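Protein chains: 2
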Amino acid sequence: MSDPYAQQPLVYSFGQGRADGSSAMKELLGGKGAGLAEMTTLGIPVPPGFTIASTLCQTYLDLNAFPPRLTRQLEAALQRLEATTGRGFGNVANPLLVSVRSGAAVSMPGMMETILNLGLNDQTVEGLAALSGNPAFAWDCYRRFVQMYGVVVFELPRTPFDLLVEEARVAHGAARDIDLPVAAIKALVARFKATIAEHSGRAFPEAPMEQLWGAVAAVFQSWNTRRAIDYRRIHDIPDTMGTAVNIVAMVYGNLGETSGTGVAFSRNPSTGEATLYGEFLCNAQGEDVVSGARTPQPIETLRDVMPGVYQELERMGRTLERHFRDVQDMEFTIEEGRLYMLQTRRGQRSGQAAFRIACEMVGEDLISEEEAVARIPPSALEQLLHPMIDPGEALDRLTTGLPASPGAASGQIVLTADDAELRARRGEAVILVRRETSPEDFHGMVAAKAVLTARGGMTSHAAVVARGMGKPCVAGAQDVTVDEHTQTVRFGDRELKLGDWITLDGSTGVVYAGQTRLLAPQLDQYYYTLMAWADKIRPMKVRVNADTPADAHRGRDHGAEGIGLCRTEHMFFDGDRLLAMREMIVAEDRPAREKALAKLLPMQRGDFEAIFRAMEGYPVTIRLLDPPLHEFLPKDETELVQLAEDLGRPLEHLRAVIESLHESNPMLGLRGCRLGIVYPEIPAMQARAIFEAACTVAARKGRVMPEVMIPLVASVVEFRRQSLIVRQVAEEVFRERQLTVPYLLGTMIELPRAALTADEIAREAQFFSFGTNDLTQTTYGLSRDDSGRFLPHYIETGIIDQDPFQTLDIAGVGKLVKMACDLGRSTRADLKLGICGEHGGDPASIAFCETVRMNYVSCSPFRVPVARLAAAQAALAARGTVDRTKATV
Amino acid sequence: MSDPYAQQPLVYSFGQGRADGSSAMKELLGGKGAGLAEMTTLGIPVPPGFTIASTLCQTYLDLNAFPPRLTRQLEAALQRLEATTGRGFGNVANPLLVSVRSGAAVSMPGMMETILNLGLNDQTVEGLAALSGNPAFAWDCYRRFVQMYGVVVFELPRTPFDLLVEEARVAHGAARDIDLPVAAIKALVARFKATIAEHSGRAFPEAPMEQLWGAVAAVFQSWNTRRAIDYRRIHDIPDTMGTAVNIVAMVYGNLGETSGTGVAFSRNPSTGEATLYGEFLCNAQGEDVVSGARTPQPIETLRDVMPGVYQELERMGRTLERHFRDVQDMEFTIEEGRLYMLQTRRGQRSGQAAFRIACEMVGEDLISEEEAVARIPPSALEQLLHPMIDPGEALDRLTTGLPASPGAASGQIVLTADDAELRARRGEAVILVRRETSPEDFHGMVAAKAVLTARGGMTSHAAVVARGMGKPCVAGAQDVTVDEHTQTVRFGDRELKLGDWITLDGSTGVVYAGQTRLLAPQLDQYYYTLMAWADKIRPMKVRVNADTPADAHRGRDHGAEGIGLCRTEHMFFDGDRLLAMREMIVAEDRPAREKALAKLLPMQRGDFEAIFRAMEGYPVTIRLLDPPLHEFLPKDETELVQLAEDLGRPLEHLRAVIESLHESNPMLGLRGCRLGIVYPEIPAMQARAIFEAACTVAARKGRVMPEVMIPLVASVVEFRRQSLIVRQVAEEVFRERQLTVPYLLGTMIELPRAALTADEIAREAQFFSFGTNDLTQTTYGLSRDDSGRFLPHYIETGIIDQDPFQTLDIAGVGKLVKMACDLGRSTRADLKLGICGEHGGDPASIAFCETVRMNYVSCSPFRVPVARLAAAQAALAARGTVDRTKATV
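Just so you know, the sequences run in chain order A and B. All letters in the first sequence, in the order written, are residues 1 to 889 by my numbering. All letters in the second sequence, in the order written, are residues 1 to 889 by my numbering.
Keep in mind the hints are simulated off the structure, nothing from the lab. All values derive from a computational prediction rather than experimental measurement. Take the hints with a grain of salt, since some may be wrong.
Intra- or inter-copy, both count: the list cannot distinguish identical chains.
Below 30 Å or equal to it, Euclidean Cα-Cα: the simulated DSS-like pairs (lysine-lysine) are [to be verified]: (1) 832 - 815; (2) 193 - 497; (3) 536 - 818; (4) 635 - 536; (5) 818 - 832.
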């Protein structure tokens with residue numbers, strides 16, 4: 001069989017200040033191997049050893065055998081290691097022992113295997129005992145080795161070994177393993193070997209070389225364990241990457257009370273504070289820390305026990321930080337007072353710590369402002385901005401729905417909006433649980449801590465309203481059944497009732513039973529400093545999707561530079577407005593419709609005035625009425641009867657109107673500019689409200705920049721007809737008010753046909769705002785509200801990588817967006833381009849927006865900081881100066 | 001003001017065998033002017049004159065004045081005309097009289113104005129009387145001229161003039177105008193002038209030049225009358241085209257019994273027979289024929305009255321036919337035994353005549369086979385293929401819906417399928433009128449002559465099934481209300497009841513009250529000859545959309561070369577199948593689903609066998625299950641109860657299933673390959689049915705060419721997963737049957753994303769079939785079923801030119817189709833490309849398919865001949881050798 005890596009060395013040695021590898025070779029040597037090589041070169045005390053390249057992993061898994069070239073190179077490396085350490089592998093008098101560890105390019109913590117003390121057998125253990133003058137230590141090492149070998153190489157369960165140790169401890173009254181008498185440990189080794197032979201039918205290998213090959217094979221095989229495969233799937237790590245194998249001369253933390261082992265961060269990963277942080281265990285080997293068999297002590301105790309070692313560890317932390325220019329997560333072992341570093345890697349950190357560390361490292365001249373910005377993962381920001389479930393809490397999962405609006409909340413189940421309001425007034429924390437919500441539920445959503453719906457998608461009423469209010473929401477939880485009669489909610493097989501506590505995580509979509517401690521969001525000086533740097537970097541503006549003055553203020557507070565989408569219809573869902581809106585809808589002719597519209601005019605004008613004020617000096621994009629009219633009509637009989645009474649209209653007439661407005665596919669029906677074309681009096685009223693409000697604010701010296709947006713345009717003619725109405729009303733109002741307010745007139749690109757004919761549309765439209773929610777629905781032929789029945793299956797089985805409603809589908813929808821940008825600019829060079837779909841708050845999608853040179857992104861108020869950061873990172877990535885792929889928590 | 005045509009002559013003279021213009025200058029001179037010029041050059045006796053170019057029309061309408069250049073050129077032309085005729089314009093002794101007529105490049109019959117005898121006034125009329133020796137004639141001319149001038153130039157109504165003539169006739173006991181005594185005519189002229197002065201406040205102009213300019217202005221203005229604008233809108237004629245003005249020396253058909261005027265076709269426009277055909281009126285001017293004041297005689301009478309003139313007319317007809325290479329529609333005048341041609345143009349003809357004429361002209365070596373094919377308009381074919389409402393019938397229009405399936409039918413209203421079957425069995429002709437149809441109505445549709453629905457679009461159940469059966473259908477007639485209780489049907493304000501007769505034209509969508517005579521379709525030798533020529537020309541194959549063996553046979557009868565779309569779901573809508581299908585849908589788990597599928601397997605296999613047999617030697621594209629499952633479930637409670645009984649399942653369970661299958665936008669929901677991915681056992685069963693049937697037919701030496709089509713693919717991964725299932729089943733079946741049948745595996749391109757990623761999909765798919773119905777819906781974001789509320793308004797107000805579901809939207813959807821073709825061929829050079837949406841039967845769309853080099857088009861059985869012809873014409877147009885824009889009826 002051919003060896004695909006014939007030209008590349010397979011084994012890389014390190015030791016005595018020299019190494020074949022370096023940190024640049026992370027892909028080949030894995031994170032651990034590269035770190036060991038780099039530390040060696042840096043003069044950090046690292047036990048010598050060598051690394052088998054990760055490229056060999058796939059070869060081994062394919063062939064189920066090692067290529068002869070590896071055997072030769074490994075033997076050579078082993079000889080070098082023997083020379084460096086002055087010991088011999090299998091040498092009874094002076095045995096060389098090694099650890100064998102996995103290590104992939106991407107950290108997969110706890111996913112793969114480790115074997116320590118390899119090289120011990122019935123002969124060499126005596127040599128180790130003699131050399132160390134500590135037979136208990138030597139036999140303890142041997143006992144551990146046989147156990148690990150049994151578990152890792154022979155794939156036996158841990159339990160029989162643990163039971164035998166437990167038995168021995170009880171028999172000898174020993175508190176810790178290391179307190180057992182030597183004879184007992186010797187007996188354990190024998191019983192371990194018997195256990196291996198019995199369970200596996202094979203003998204424990206006494207020959208060190210046989211031990212070594214078995215361990216290397218086991219490490220490679222561990223790449224394909226179920227849990228490793230699952231982990232890679234979840235974290236999007238390619239299966240072909242493979243793991244490297246690190247073979248390192250043993251140093252011993254279990255040589256007595258001046259020995260030990262531990263893990264330390266160069267800065268506090270939770271708060272970001274610049275002090276050493278970690279844990280330490282006296283007289284122990286690494287797996288004691290990992291297994292939880294003994295409870296480690298805080299790293300500060302090391303300062304008291306071995307102050308010199310502590311100082312050296314601090315010094316090494318600083319050295320490694322300076323070298324790698326980031327926080328380090330270090331594993332170390334102290335052998336009889338001497339410190340060895342066994343591994344160093346980039347330290348994971350909390351959201352809060354990420355900001356502080358980045359800012360302080362800029363202060364220390366360790367990194368640039370750009371690097372600081374590039375290093376903050378958007379998820380860190382999310383942690384900062386929303387209440388989170390305390391990671392320490394034990395949780396009882398009920399179900400998972402769509403993560404419709406981020407943040408977490410606990411509350412008691414309520415089933416109606418009125419009940420929600422009532423109980424909230426009494427000071428109770430409630431979560432509104434509905435099959436789906438409608439405009440009538442609005443006051444209940446205001447009162448509730450969070451919203452859970454059984455139906456509806458990411459753009460359902462519940463989801464949109466909750467996001468607007470920054471309230472957690474889980475939508476479309478398919479196996480939730482709400483029964484208002486019995487006042488119960490079923491979650492699959494489990495039944496909860498009105499008043500029961502639940503906790504909901506709108507960032508993940510998971511719903512838990514019971515009440516849970518939440519961590520409150522907090523913004524500190526580091527947040528503001530770093531966001532200011534981000535703002536300096538990004539060329540793309542960040543706007544907010546805001547339908548109300550409150551949203552507009554919230555957006556400004558989060559740093560929005562204008563409104564990218566003001567959905568006028570959401571202004572109609574409230575009390576009097578809804579009634580006037582319904583009057584307009586059921587009107588039989590134009591005069592009746594205009595009468596109802598006249599009632600809406602002052603309300604809309606008032607809203608626009610307040611919004612313009614909140615956004616003074618910034619552009620405000622107002623979308624004319626978009627949804628199908630039936631969305632505004634009552635859904636049940638009681639409401640319908642009420643409406644007939646309120647409007648003084650016969651019930652039959654209303655029923656006929658509702659019937660006539662029914663659509664098979666409302667998503668593709670009479671909505672958007674189609675409404676404005678059939679009923680030109682609607683855009684006329686809306687335009688009047690916009691320009692009258694703009695004039696009022698401008699008359700008081702306010703800077704108003706309205707951008708009027710025609711929705712759901714499929715052809716330039718639709719745009720032309722609607723813009724004529726808007727321009728005409730604008731001129732009328734300007735004449736009446738003796739005042740002119742500059743404004744733009746543009747369209748939403750949310751249909752494939754608009755994208756395909758963008759050159760024609762841009763001849764007349766001054767801006768495009770990409771409505772990527774609808775564009776995704778039409779391009780994919782995928783109704784977001786209905787996708788719950790197959791989209792999860794699609795993602796699970798890998799038919800699609802990501803929910804295209806979360807992250808823009810670049811290959812399909814993105815191709816259309818790019819085409820529209822290019823075509824649009826071909827006929828209007830200064831065309832203003834933005835995005836206002838949900839994707840405007842998604843970092844990966846924002847990166848795409850940067851590549852097509854959009855002028856701005858727009859998102860819900862609570863996503864604005866995420867968008868500001870992501871836009872800056874996208875700009876840095878586009879410049880190619882800073883690699884933002886490093887940004888993970 | 002600038003004159004945009006400063007360099008171009010404005011006036012073109014003709015006469016004495018020489019002409020400034022020719023038939024090539026139709027655009028500039030209009031059809032009439034170009035014809036007169038060409039005839040003059042040909043030596044045909046044409047009265048001399050000149051033409052004012054049509055380009056001046058827009059200039060005049062913009063300026064409301066004539067440019068000075070025109071005055072100079074017109075005066076020069078008039079002098080030439082005086083010289084040619086030897087008469088003087090306004091010369092009392094020897095007056096030159098002229099006709100002034102409009103004439104655009106495109107014929108707009110009766111839309112614009114004509115004035116005869118211009119140049120007469122109180123002096124010149126005496127000259128004409130003296131010259132002709134016939135004062136009655138002279139004064140008759142003058143009387144007509146004043147009347148026409150009053151109507152055309154002064155825009156007065158005809159009525160007062162007609163009343164005055166009537167009065168005079170009664171007073172003098174004259175049967176015809178021309179029988180009035182001279183004094184009476186003189187009196188009429190005076191009273192006409194008084195009428196003009198009274199109604200318009202202006203005097204009738206006595207000066208011939210003033211008369212002429214007034215007439216020219218009136219002709220130009222007639223371009224913008226309401227009816228002319230409407231006509232252009234309907235016939236898609238650009239407003240900027242303008243009309244030319246023809247000023248021609250008068251010849252007189254009203255000089256006595258050896259004079260006359262008439263219209264003749266060089267061949268019979270109704271049957272196509274190669275004999276002169278037309279009408280003739282003795283001693284009359286042209287407007288007598290047009291106005292219907294006198295009833296003309298058949299042209300044969302001319303043979304008896306003036307045999308020499310008749311022979312000359314025949315000869316001229318042949319000459320003009322040879323010259324223009326098409327049937328001529330000629331206007332002529334006989335002045336005292338001398339024949340003059342006043343106009344010639346291409347003769348309109350019936351569908352039947354079109355075929356005969358084209359075939360016979362090939363026989364006469366007048367045109368080539370290619371030209372013959374290019375000349376048949378697809379509408380001529382439609383006339384031949386479907387029963388038509390006799391154009392002579394007076395009709396009482398009830399309403400208009402969508403023209404869902406062509407052809408006409410008369411029948412009595414029935415409201416239920418059972419009633420339809422019952423009455424049809426009794427031999428009654430019935431039309432099934434339903435709010436909408438569902439699978440349960442199928443037997444009623446089979447029994448009915450035609451179907452009318454109040455709801456649903458061009459792809460509704462009623463429409464699809466009716467087209468499949470070749471039965472007329474009008475769908476989605478919005479103002480139809482069906483009331484089964486009172487057994488009445490309301491059409492807007494009118495109410496009809498069960499058993500009342502209606503007539504329905506599925507080609508236009510119009511519904512009429514009462515019974516009407518229909519013309520039966522007939523196919524003759526000319527049809528077969530011409531279609532055979534068409535088949536030789538076209539590179540694109542024509543397939544049929546056929547779901548049943550009957551459809552397949554029908555397709556073959558009409559010349560289909562395979563099946564382009566076999567919708568397997570339509571096989572499930574019948575009796576037992578529907579029950580098994582429903583059992584499958586309500587199944588709780590895979591085993592239960594597979595049990596139900598096992599019942600469907602033999603039924604599908606049987607259908608496929610019969611279809612393969614019907615299409616032996618031709619490819620058959622079978623689309624796997626496509627529609628959302630809820631389409632198969634009962635729509636009302638009674639049926640639901642019945643189903644619960646039939647299946648022995650609790651009613652509640654069925655209700656829950658129906659509830660769970662509800663979708664907000666089923667068009668964009670769980671359908672197409674998404675079904676096959678969620679329930680892989682469905683495509684597995686279907687594939688088994690296909691390959692077992694194929695093997696059975698192949699085993700008996702039949703040539704089977706199945707092409708399995710995966711529907712609604714948005715990404716290559718979906719295609720890959722589904723094709724794996726199909727391939728695996730195919731291999732299983734081939735192994736079981738010890739036989740291999742070659743097959744193709746491809747996909748329907750019906751989502752924008754599929755088109756955008758067609759390069760990736762073509763790496764794995766062997767063919768694409770464009771499902772342009774759904775592609776139009778998603779590209780436009782337009783649900784066909786819901787578009788009835790605004791699409792008609794869009795077309796009426798010119799927002800879109802044509803219904804995009806009828807004719808492919810080339811700028812938008814076509815751009816995607818072209819992109820998909822190009823991308824697809826870029827990764828698979830031999831990719832097979834076809835279209836199977838409704839557009840596959842639409843000539844304009846077929847022409848587009850030719851430009852992107854599709855391999856075939858596919859359409860419903862009764863559209864196959866249309867597609868064959870259109871494909872041939874598209875090929876000719878693409879070659880550029882034959883201009884098919886001529887093809888109109």
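Query raised in the report: How would you classify residue 193 and residue 497 at a CA-CA limit of 30 Å: within, between, both, or neither?
Result: Classified as neither; 56 Å inside a copy, 96 Å across copies.
Requested in this report: Have a look at residue 536 and residue 818 and pick one of within, between, both or neither, based on CA distance no larger than 30 Å.
Outcome: within (26 Å within a copy, 44 Å between copies)
Query raised in the report: Is it within, between, both, or neither for residue 635 and residue 536, if the alpha carbons may be no more than 30 Å apart?
Result: For residue 635 and residue 536, neither the intra-copy (49 Å) nor the inter-copy (61 Å) Cα distance is at most 30 Å.
Query raised in the report: From the Cα coordinates, with 30 Å as the cut-off, is the pair residue 818 and residue 832 best called within, between, both, or neither?
Result: both (14 Å within a copy, 29 Å between copies)
Requested in this report: Give the relationship of residue 832 and residue 815 under a CA distance limit of 30 Å: within one copy only, between copies only, both, or neither.
Outcome: Answer is both: 19 Å inside a copy and 24 Å across each meet the 30 Å cutoff.
Going down the numbered hints, you'll see the structure goes against 2, 4, while the others check out.
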